[in-house]
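Engineer: Spelled out from the first residue to the last, the chains are:
Protein chains: 2
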Amino acid sequence: MNEKKRVIGYIRSQKEEIVWLLKKLVQQPSTRGREEKAQAIVVEKCRQLGLEIDLWDLDENPQLKKHEGFHCDREEFAGNPNLVAVKRGSGKGKSLILNGHIDVVPEGSRSDWDDHPYSGKEMDGKIYGRGTTDMKGGNVALLLAMEAIFVNDIRLQGDLIFQSVIEEESGGAGTLAAVLKEYKADGAIIPEPTSMKLFPYQQGSLWFRLYIRGKSAHGGTRYEGVNAIELAHPVMEHLKGLENERNKTLKNETLYQGVEIPVPINIGVCKSGNWPSSVPDLAVLEGRFGVSPYETVEEAMKQMEDSIQDLNSKHSWFSEKPVELEWFGARWLPSKMDASHPLLSLLKQNYREVMKEEPVVEASPWGTDGGILSAFGDTPVLVFGPGITEKAHDSNEYIVIDDILDAAEIIALTIMDWCGIERPCNEKGVV
Amino acid sequence: MNEKKRVIGYIRSQKEEIVWLLKKLVQQPSTRGREEKAQAIVVEKCRQLGLEIDLWDLDENPQLKKHEGFHCDREEFAGNPNLVAVKRGSGKGKSLILNGHIDVVPEGSRSDWDDHPYSGKEMDGKIYGRGTTDMKGGNVALLLAMEAIFVNDIRLQGDLIFQSVIEEESGGAGTLAAVLKEYKADGAIIPEPTSMKLFPYQQGSLWFRLYIRGKSAHGGTRYEGVNAIELAHPVMEHLKGLENERNKTLKNETLYQGVEIPVPINIGVCKSGNWPSSVPDLAVLEGRFGVSPYETVEEAMKQMEDSIQDLNSKHSWFSEKPVELEWFGARWLPSKMDASHPLLSLLKQNYREVMKEEPVVEASPWGTDGGILSAFGDTPVLVFGPGITEKAHDSNEYIVIDDILDAAEIIALTIMDWCGIERPCNEKGVV
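Top to bottom, those sequences are chains A and B. Note that my numbering numbers the first sequence so that position 184 is 197, with each residue one more than the last. Note that my numbering numbers the second sequence so that position 30 is 43, with each residue one more than the last.
One should not assume that every hint holds.
If several chains are the same, the list does not tell them apart, and a pair holds so long as it fits within one copy or across any two.
[Stated by the list, open to error] Distance condition first, Cα-Cα at most 27 angstroms in a straight line; then the derived DSS-like pairs of lysine-lysine:
no. : residue 1 : residue 2
1   : K107      : K139
2   : K334      : K18
3   : K228      : K264
4   : K228      : K36
No lab work stands behind these hints, which were simulated from the structure alone.
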């Protein structure tokens, strides 16, 4: 197929351009509440591609906050819009959502970065900075795949719906808002950092908060108090036990072969005390509870709740001062795409064609907006992208430039196969 | 001595008045930076007692911040003045400083308080609230002791120097400022919460900060990171080993008999992470390092520094990512008053007279401004007060009203003995 060669040729010619675009995107730190400037760059690119632009603030729809899938503690959305940009097909093909998030997680401790966290520095075929891998590099691959098709005057049969959403890192309110605007499709690709693996299954996750109570005292008589920071240790050990139990059988599942902990329990935040000379009477832990694609969110919550109750009943101190569990903020639903789904087959096939090797198919170690797209948008989701799984949320985050190009090729070919190509009448007669 | 009976009688008659005064003081939460309103009540009382008022903001003396005893991270002192109020004696007696601090530590977790932390609630002969024990109750005892002397027209021979200072809880800049104004004396009493014990020795203390570095990762692949909150545990265990070593021999000292940990190491603050779904790469611990009266601050610091270095050299992770130690903010010098000091003998004697029992003499489990008064003001210090040692910095802090009265009596009698009483000429002939 001649079109495919032209598309691949174009993608290969755009290396400098996409490096330039990704640098610009990374240099606009789009942490929560600051997505505007990076989003503006994406909007401009979509206009150049001739897409229909739908740009809106999440507060515009009062139904959003009432939706069962809305788990979000953000108060202000104004000025940091969500974007959906559509290329209508001729109407006879299958539609496809290409979904990426524009928000990035905070950069963490600056001293752990060798360069400025938003440098966009290019070195040894990589680009560095928060968001390169998770997932501005993936977004650039989507834009490049679309551009390669359009500049080659290839007309698709199915609709192509590109989404650049906010709030993915905080529970998916951006994608949910798009679903509520009826952006649904026959399939979706999300280029989250899979290290070029295919993730038809995605882990869900919930955020939790634990209140651990000690007993305050003056630090000079610290033995009269009970230090809440110290108490955090047995709580964390207990959670490791729960994590171990939850993952025992999961490790045998095909898609979790070789994964150390399929659905981890992570403690991400600890806050305790406000005076060096006092024994702190409260420690607050915040964390992420992985939800397996083989269970519902409700089942996962119940297991955690029972486990904390168990800790409280057995531990001498906590039986008096029970640890309190609270679910809060973000929530990502797990998601499953059938092993026989044609989008998965097509992507596998194009992967083989471009990479000349067999793709690795696994379950994702994190939740994505795929949970919302599939649960509320009836859209089957496949996660596949050029970012490096272990560099997501890490210091010195980077992406390999060639992986962006490879992903763009695989995705472009899959778009053409999935949506179908509209040929002029005179061409149809030719074989 | 007739005067002593009159003084005691007056103090006994003032129970309602001092309850009222203490409630007013407690209901003005004088945490750091908010000392003004509570201080205003003390100033007003001193005016009524006819004392010479010296009220000043700590920024007034540019030398203060350059002094070797200044360890303070406060930027703004304006509007929250320090108070020294003096009653000049006839000049022939020994001078005495009565020193109390007006600042209180924060109330901690509100849910641990049965009532509002600044309620000043009276129940079962006690008054509740942050600052009752540490040390507004002690301050009230001082004011009452002075009042009982003055209303009975007893003229002292030595100067009486009452101090209501800020910043004691943060390292003593208030008392240091008074020392730099040349407020020194032949002796000092500080009514910190000793549970009516006599503390001629006081523990010093230093604030430290520890930076514990892990390795960040996405929470869904937490096994790729190293959680800094988890790493805090071995660090805290290591510090317990150091604490144990430092206290082994101290426990045999006379003044530390029966004290569980004479000079504890307390972890008061833990801050780590800012995203539930990330593995945090930094945990910051803040704490208080007790300094024994038998060592210098420098010796204590050296021991801690060596110990952290030892941890870093032996621990597999910390040898790569060393724990970093920083001394910051507050610093309280240890202090010692000779066992044979006449102020100690007098206070013991008056304790026996009022309490009809032998006083308990110990070393304080915390630093006080006594360290500054003795080191930089050449003033021997005895700490004795009505507050309850174990309720200092605790929730549901309270003080027993009768203890305030008892302390006021013991202090009033000691003032009269120490400063001496000036008698009219005609009285001198009588005996």
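Engineer: Run every hint past the structure and note whether it holds.
Structural biologist: Hints and how they fare:
In this assembly of identical chains, K107 and K139 lie within 27 angstroms of each other by CA distance neither inside one copy nor across copies; the values are 35 angstroms within and 78 angstroms between. Taking the shortest alpha-carbon separations for K334 and K18, neither the intra-copy value of 67 angstroms nor the inter-copy value of 50 angstroms comes in at or below 27 angstroms. Taking identical chains as interchangeable, the C-alpha atoms of K228 and K264 lie at most 27 angstroms apart only when they sit on different chains, with a minimum of 25 angstroms there against 40 angstroms within one chain. In the homo-oligomer, the alpha carbons of K228 and K36 lie at most 27 angstroms apart only across protomers (25 angstroms), although the nearest pairing inside one protomer, at 50 angstroms, exceeds that limit.
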